[in-house]
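Take these sequences, add in the hints, and give me the full structure.
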Amino acid sequence: MAVKLSLIALVVLVAAVTADGPFCSTCQKMVDDVKAKHNNNFAGVNVDQLLSEMNSECDANFSGFTDSICKKIVKDNDAKLLAALQNGQSSYQVCQTGTLC
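According to mature numbering (1 follows the signal peptide of the UniProt record, and there is no 0), the stretch in the sequence shown is residues -19 to -1, 1 to 82, in order.
Careful: at least some of the hints might be erroneous.
To be verified - Simulated pairs of lysine-lysine, DSS-like, Cα-Cα distance not exceeding 25 angstroms: (1) LYS53 / LYS18; (2) LYS16 / LYS53; (3) LYS10 / LYS61; (4) LYS18 / LYS52; (5) LYS53 / LYS10; (6) LYS16 / LYS52; (7) LYS61 / LYS16; (8) LYS10 / LYS56; (9) LYS18 / LYS61; (10) LYS10 / LYS52; (11) LYS18 / LYS56; (12) LYS56 / LYS16.
To be verified - Beta-carbon label-pair distances, calculated as ranges: (13) GLY69 / ASP29: 14 to 24 angstroms; (14) SER71 / ALA24: 32 to 42 angstroms; (15) ALA24 / GLY45: 16 to 26 angstroms; (16) GLN70 / ASN27: 15 to 25 angstroms; (17) PHE46 / GLY25: 12 to 22 angstroms; (18) ASN22 / LYS61: 11 to 21 angstroms; (19) GLN67 / ASN36: 16 to 26 angstroms; (20) ASN20 / PHE46: 13 to 23 angstroms; (21) PRO3 / ASP57: 14 to 24 angstroms; (22) ASN68 / SER44: 24 to 34 angstroms; (23) PHE46 / ALA24: 12 to 22 angstroms; (24) GLY45 / ASN22: 18 to 28 angstroms; (25) LYS53 / TYR73: 19 to 29 angstroms; (26) PRO3 / ALA24: 24 to 34 angstroms.
Worth flagging that the hints you see were computed from the coordinates, not collected in a lab.
Yeah, the Cβ is synthetic: ideal placement off N, Cα and C, and Gly gets one too.
What follows is the structure, given as structure tokens:
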């Protein structure tokens, strides 16, 4: 029963995340923070470095289950997120790449 409940919660969370819900704006804030830290220059940033920084942003903006989901989404999309940042995409576009918008 607990597994079913967790699965339902995950499906609801993913649906909310992909519908430009509250996670989208939080993701954009997180990306803006990381962009500011690097002065929007990600040429020398590697995937592990970005993962660490985005995990810190997840910790700062979420807690509990949503923090864990945030970190999983970031980890699953870390290379795509870095490529989007290196290509100068907007925060919204980066979050779309990471399935948070």
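Practice problem: Given the hint of 14 to 24 angstroms, check if PRO3 and ASP57 actually sit that far apart at their C-beta atoms. | Solution: holds (20 angstroms)
Quiz item: How does the Cβ-Cβ distance of GLY69 and ASP29 compare with 14 to 24 angstroms: does it lie in that range?
Solution: holds (21 angstroms)
Exercise. Below or equal to 25 angstroms on CA atoms is what counts here, so check LYS53 against LYS10.
Key: Holds, because 18 angstroms separates the two Cα atoms, which is no more than 25 angstroms.
Practice problem: For the pair we were handed, LYS10 and LYS61, check the Cα-Cα distance against 25 angstroms. | Solution: Holds, at about 18 angstroms.
Exercise. Measure nothing beyond the straight line between the CA atoms of LYS18 and LYS61; if it is 25 angstroms or shorter, mark the hint as holding.
Key: holds (19 angstroms)
Exercise. For the pair we were handed, LYS56 and LYS16, check the Cα-Cα distance against 25 angstroms.
Key: holds (18 angstroms)
Quiz item: Under the criterion that the straight-line Cα-Cα distance not exceed 25 angstroms, is the pair LYS53, LYS18 satisfied?
Solution: holds (22 angstroms)
Quiz item: Is 18 to 28 angstroms a correct range for the gap between the Cβ atoms of GLY45 and ASN22?
Solution: Since GLY45 and ASN22 have Cβ atoms about 34 angstroms apart, the given range 18 to 28 angstroms is violated.
Self-check item: ALA24 and SER71 - C-beta distance against the hinted 32 to 42 angstroms
Solution: For SER71 and ALA24 the Cβ distance comes to about 18 angstroms; the hint is violated.
Quiz prompt | Pairwise beta carbon distance, ASN68 to SER44, judged against the given window 24 to 34 angstroms | solution = Given about 31 angstroms between the Cβ atoms, the range holds.
Quiz item: Honestly, do ASN22 and LYS61 meet the 11 to 21 angstroms range at C-beta?
Solution: holds (19 angstroms)
Quiz item: When you take the CB atoms of PHE46 and GLY25, is the distance between them in 12 to 22 angstroms?
Solution: violated (34 angstroms)
Hint compliance for this structure: hints 14, 15, 17, 20, 23 and 24 are broken, all remaining hints hold.
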